[in-house]
Each structure stands twice: as C-alpha cells, then as structure tokens.
Amino acid sequence: MDFGPHLFLALLEGLVGAFVLALTALGLSLVFGVMRIVNVAHGAFFMLGAVVTWWVSTATGSFLAALLAAPVVVGAVAILADRLVLRRIGYEPESTIVATIGLLYILEQVVLMTYGPYARPVAAPIYFRIDFPWFGYSGYKLVVAAVAGLLLVLAWLVLSRTTLGLYLRATQQDREMAQTFAVPVERVYTLAFGVGGGLTALAGALIVPVQQAHYLMGLDALLMSFVVVILGGLGSLRGTVVAALVVGLSDGVISVLFSPTLAKIVATLLVALVLAVRGRGLFGEEAA
Amino acid sequence: MAAVTPILETRAIVKRFGGLEAVSGVDFRLARGEVRALIGPNGAGKTTLVGLISGRLSPTAGRVLFAGRDVTGLGPWDRVGIGIVYTFQITSVYRRLSVRDNVLLAAQRRHLRRLADWVMLDRQRLTHEVDAALESVGLADLADRPAAVLAYGHQRLLEIAMALALEPALLILDEPTQGLAMGEIDALCRLVRNIAERATVLLIEHNIAVVLELAGRITVMDHGRVIAEGAPREIETHPEVQRAYLGRRSRSTP
Amino acid sequence: MEGGRAVLALHLGVLGLLGALQFLLPPFHHGMVARIMVLAAYAIGYNLLLGYTGLMSLGHATFFAAGMYGAGLTIQHWGFGVAAGFLVGVVGALAAAFVVGVVTLRTVGPAFLIVTLMLAQAFYLATLYFNEITLGEQGFALAGLNVTLGDWRLDLARPAVKYNAALAVLAVCLLGSLALVRSPLGRALVALRENEERTQLLGYNTYRLRLVAVLASGLTSGLAGVTYTLLFGYVGSTFAGVLYSIYPLLWTLLGGAGTTLGPLIGTLLMTYAVDVASGITDAYLIVVGAVLVAAVLWAPAGVVGGIRTRWARWLP
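Chains as they are written, first to last, in our numbering: chain F, 15 to 302; chain P, 12 to 265; chain H, 644 to 959.
No lab work stands behind these hints: they were computed from the structure. Each hint should be verified, as a subset may be incorrect.
[Said to hold, decoys possible] Examples of chain H residues lying across from chain P (beta carbon under 7 Å, computed):
| hint | residue |
| --- | --- |
| 1 | PRO827 |
| 2 | LEU828 |
| 3 | GLU837 |
| 4 | ARG841 |
| 5 | GLN843 |
| 6 | ASN848 |
| 7 | ILE923 |
| 8 | THR924 |
| 9 | LEU928 |
| 10 | GLY949 |
| 11 | THR952 |
| 12 | ALA955 |
[Stated by the list, open to error] Sample of chain H residues facing chain F (criterion: CB under 7 Å; computed from the structure):
| hint | residue |
| --- | --- |
| 13 | MET699 |
| 14 | ALA754 |
| 15 | TYR772 |
| 16 | LEU818 |
| 17 | ILE929 |
| 18 | PRO959 |
This one's a predicted model, so the numbers in the text were calculated from it and none came from an experiment. From the three backbone atoms N, C-alpha and C, an ideal C-beta is built for every residue, glycine too.
Could you build the full structure based on these sequences and the hints that come with them?
So, in structure tokens, the structure goes:
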C-alpha cells in the first residue's frame, strides 16, 4: 500500500479507537471527579463488560440483549463493591487504591476460573464492508464509533439536563456544599461508581466483535483511560473526549505505521511527564 | 538606631492569590531583640505576611532581607536554618509521634551539618536539649505520650517547645493564645518574655491585653497594607487604627 | 536506649533462625525460602518508601527489573563476570530511581502513584519492544554463574550457596533498614510521611528527603533484583510487569507497612499462600486480590503492625 492510503487506514483505525477510548475513560473520569478516588479496577470492569457480552450473546443469540446486559451486570458489581468495601473504608485515597487493586485481581481471576483463559469472539451483529479504492474496511467498526459517539452525547445530556447530573456535578464541585443542599452524597457516590462501571462495560461490549473477550484485556484499557483522563483534566467530560480523540488518533497512527508497543510507550511517558510537571495537579489542590 | 541593620526587612512585598491581593507592597522592619505585635482585623494579610517571611509562601513581587541578607529565594527549610522559625496558627504537631519525638525532630535539625550526621548524632546531647525544651514549657511529664492525646493548650505549648529547640533568632508566633484558658495565657506570656531575652519575637495576636503586655511596638495591618506602627500608647489613639477597627465593627453590627 | 539492644537482638535472632533453618528444611522448602529471602529484600526496599516516607508507588518493578536487566544483559551479551554484572545492575537500579525520583518530585498522593505506574509501564513495554536483546516475556537463562576469589570458587547453582547468599543480602537489607529508620534521616522521613509542611518548617528540605528516600528504596529493590538474577539465573519481562509492582505493596501491607520485620513476614506468608493456591487452581492470583481487600478492611496495620499496637509498642 502507498503511504497515503496507509495513513488513511491508520487514521480510520485511530478514529474508531478514539471513540471507544472516550467511552471507556468517561466512567473513570466521572469516578475521579465525583468521588476523588483512583479506581484501579476500572479496566476490570471493561473486561467484565466484554465477557458478559460474550456470555449473553452466546446464550441468547442476541447481541442487543448482551449490549443491555453488560452495563447492568457490571454496574451491579460496581455498586456491590462500593457498598461492601469502599464505603466501609470511607473512600480514604490510599486504602481505596489498594482495595480496587484487590478487586481487579478478584474479578480477573473469577473470570479466569469460569470463562477460562481463551480469547473468544462474538459475531458482529451487523456485517458489511465499505470498499475504499485501496482497501475494504469493516462497517461494524464505523458503527461502533458512531454508537460510542451517541452514548457520549447521551451521557452529556444526562449530566447537564437531569437531577442526577446536577447531583453529580454539585458533589464534584464541593462535597460539603452539596451535602448542605441536601444532596444525598453517599448515594451519589454509589451511583457514580455504578454508572462509571456501566459506561466502561458498554465500551467493552461494543469492542468484543472487533477484539474478542479475554480475561487480561483490562490492563490496557485501564492504562489508556488513565492517560486520557489525566491529559484531559480530571472530571472534565469535554477534556476527556478531546484527549481521547488526540490519544486515540496518535495511537492508531503510531500503531499502524510503527508498532503498537511504541505507541503505548509514547502515551505512558507523555502522561507521566504531564503529571510530573503539573505536580499537585490531580485533584487541583493547589488553590489557596 | 537608624544605622543599625534591622534583623528583618521586607521591601515592597506583594502577594496575590488569583485576583485577590492579600499583601500590597509592605515595607516592614524589625529591629534585633524587639518584641513586635502584628495586629489587624481578620483578612488584613497578617498570616500571609508572616508566610512570606517564613517562606511558606513565595511573594508575587518584592524582597525579604534577614540580617542584611536577601533571603527571598530561599526555601522555608533554609530560612529555618538561619534562624527564622514559625509556629503555626492551627496547631500542626506530629499527632502520631510522641511529644519527645516531636521536639527531637526540631532539636536534631540544627546538628545535621555533615552527611555523617544524618546517620548518627550524639544521642546524649540531643536528649539533653529535648528535655530542656520540654522543661521550659512545662511538658516534661508528658514526654512519652503521643502528641494527639494532649489537651489543646498543651499542643500549643508543644509547638513552642519545637520552636525553642530550633534556637530561633526570629520567632514568629501566629496567634499563640488562641483557644487557651486564662491561666494558660498568663503562663504563655511569661514564656514569651523569657524567649525574648534570646530572640526577636514577632507576634500575631488578637488578644489586646496580651499585645499590650508583651509588645514593645505594634504594627497594624488592614487590607494588605501597614496602616500604623508605633508604641502601644500611640497605636491606641491612632485615628486610622480606630477607623479600621471601629469601621469594621459598625459594619457588622446591624 | 535500653530498647535498642533488644530490638537488634530480635532482628539478629530472626536472621539466625533463617540461617539455622537451612539445615532442617527439605529441598523444596529450602529453595522456596531462599527465593523468599530475596523477594523480602525487595519488599524491604518498597517499605522504605511506603512505610517510612508515606509514598505509595505502583512502579517498583522498574527498580527490581533494572537491577535484573543491568546484570543479566551485560553478563549475557558482553560476557561480564558476576561481580561486574552485579555492579552494573545496582548502578542501573540507582539510575532508574534517580529518574523516577526527579520526575515525581513534586507529585503527591494519587499523582505519585499514577506517574510511577506509567513510568514502570513504559519500562515494561520497552523490555518487550527491544525483544531482540531481552527476548521479551520469554526471557533468557544465565547458566554456570560462579564467583572466584583467588583459588576459591563459589558455584551459584549450588543450593547451599544460593541460600546463604540470599540470607546475606536479606541481612544487609534488613539491618540496613533498621539502621536507617533509627537514624536522624529515618526520623526525618517519618516526619515527612506524617506532615510535609510541618517538616519543611522544621528546617528539612522535603524535596531532597523524598529524592533520598526514592534512591534508597530503588537501590534496595534493585539489589534484590540483581541477586534474584544471579542466584536463579533468569531474566524476563514478567519481572518488570505490573504484578511485580503490586507484589511488594501486598507483601508490605500484609506484614505491616512501617515496620522493619513486616515485609519479611508478609513475603513469607504471601509466597506460600500463592504457592498453595497455584496447586489448587490456575486462577491462583485470586488470593492476591482477596488478601489486598481483606487487609484494607480488617487489618490495615498488617501482621507486625497489629502486634505492635497490641503487645509490643517498642517494635521498630
């Protein structure tokens, strides 16, 4: 292939990756922003979404049913984890990190026990090819990007137009103030954790027909979500989406033209340096 | 007097937080050996000014000189090293460490000169210094308790013991009597007078009785500026001071 | 300090016990304990940062693996001897620690953790990327390592040599950490952990202290990595991966962060737990997850930390 078409393919791959990444990272951003905690199990939720999708679509033969089941199941698991563990340790930052690392291993290993060490595909619910002059491209991938984009718009509408969104934003901005205005902060936390898990599970579900489901697929999702959330600024939906587009596209381009490993090295080093320069940055404690 | 270098001097020092100017071009001088009170309404910029002097905050503009030397670029740790010692307004002791270890951390700092000192120090001498500091504030009996279990007044005294162990040339006390009972305030005043024999003292204080008892001179701040300075009697009758205090009060009473 | 003698005696006693154990243990456990002692040295290095400085890293595998690759690659590709490889490994770990320390100097809390995680991931990916020399996940074995001093020759493949070399490294790290935490420097690090701003205003340059802590921690972890490579003759990407950053965290928390003996106890318990679990199921890492969650919920002080609060306040 000539360079031009090659680059076009790279950009296309990057664009699809970017939308999925934005959806994956959105939940982490929400949890970061609202609860001020680092959820290391975020990638495991992504993986669980993919695995549940395989299970349900294999059992029922309906990908749509799987797409609905994945966020519900994962959201429930997340809420359970919040109630049983995180709430009990008072969301103390370091304990929460340790607990979510533990949760990550528990989820991964339970999946390994039940689902096994295989990478299993799910047939795409819609199959068509788009024929460019130089190569054919999977239509499903473009549908994935479109659906992910649609879900992002939906999430934005929920956050900006509903009471739930108002509660989330209020808690994010000032927890104590929110409490004074009768926002049920504890319930908002649980909900944020559940919704965060559910959103990333959706991303995991959408990607199964392209990537296959495997119990170790969560780590990459986690790291790339960290990259995007940090580059985009914590808790900022718009920042997360913009960063996902930039990172997704550059990741796609470097992956196709050079190597996927190199793309990940660049991304992780970049975010390490950004954080290091911003110093206290994470939760913006610098004020006052 | 004019020929003597002041121990501390700020030149046109400014600190801005975002759009708010907390300290606006303050020229402040402190003579060696004096006890100076810094007073003013809440939000006048007192704590910010001493923050700039101790190095907790870095200035937006202006300079800080200590014993004739420009220390504007020095970190707070280096300023402690040359004798500028600050005690926190909100007690900030190591709550999980024993009272003795709190003071030990202060006492050992002065002896850490060479690399080898970080590995080993003369324990006996250190213990002696720690005991002396605890003795002078009357906390010797509580030395082995964790700092967290001390009563509030005792925690304030521990703060001062830590400051003493650093052997300050200039001791900055940020509202030391806040939250203390009457008897404790008297003891604290005696302690400060004792310290003043060895060090220059800069005292932020709201309790006017304490200020009048301890301070040789008083500096008054309002809205980030020094509005008056002088002997206690001059300050009491100073029109600007009365306006700042009385004006505030009349605004807040309905 | 009357307590000082007892504490030293306790630590020497533990090391003596480990020394005596080699004559009693059957071969399998003999090898197991040798491995545990090296890994415990790694945990001791981790604990210097988490327990005594209050910084939680998720990237310590970088230091362990820097030591490992520093020694392994030079021995494998350039024909270095054991001593030269050892030196390169230690210097490599120190260099990695310096980079991490400088980059993370001004980060606090979760930001520190994420930066260390990201840097470690970059390092791990680099070991995969340059797989022509590292052989990536598969790694490579070093065979026939031995140390010669004049006519005296030590074959590192012999179990007794492995065991005692591991014990020696553990002894250096354990006693070194004990000396550190009781030194003026150790006290200053604890102060930094407890209250950073207060510590600055007691005259300590907290940034320099942090850098020193990261260097000491990285050096110790790297020393363990080098030892692991030389004694067990293997180098591979697995040891740079995220699991090997989580392990020392787990060992330290389980044994008791901020206690000198905790990392050893935690490594001992956890390595055996993982070994037993791996005999039962392929998903043996579930014990890692379960213990992490359980520790956070019910035993935040860890085993030795719990003993200290309840019975022995004098434990360092």
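Output the numbers, in ascending order, of every earlier hint that fails for this structure.
7, 8, 9, 10, 11, 12, 16, 18
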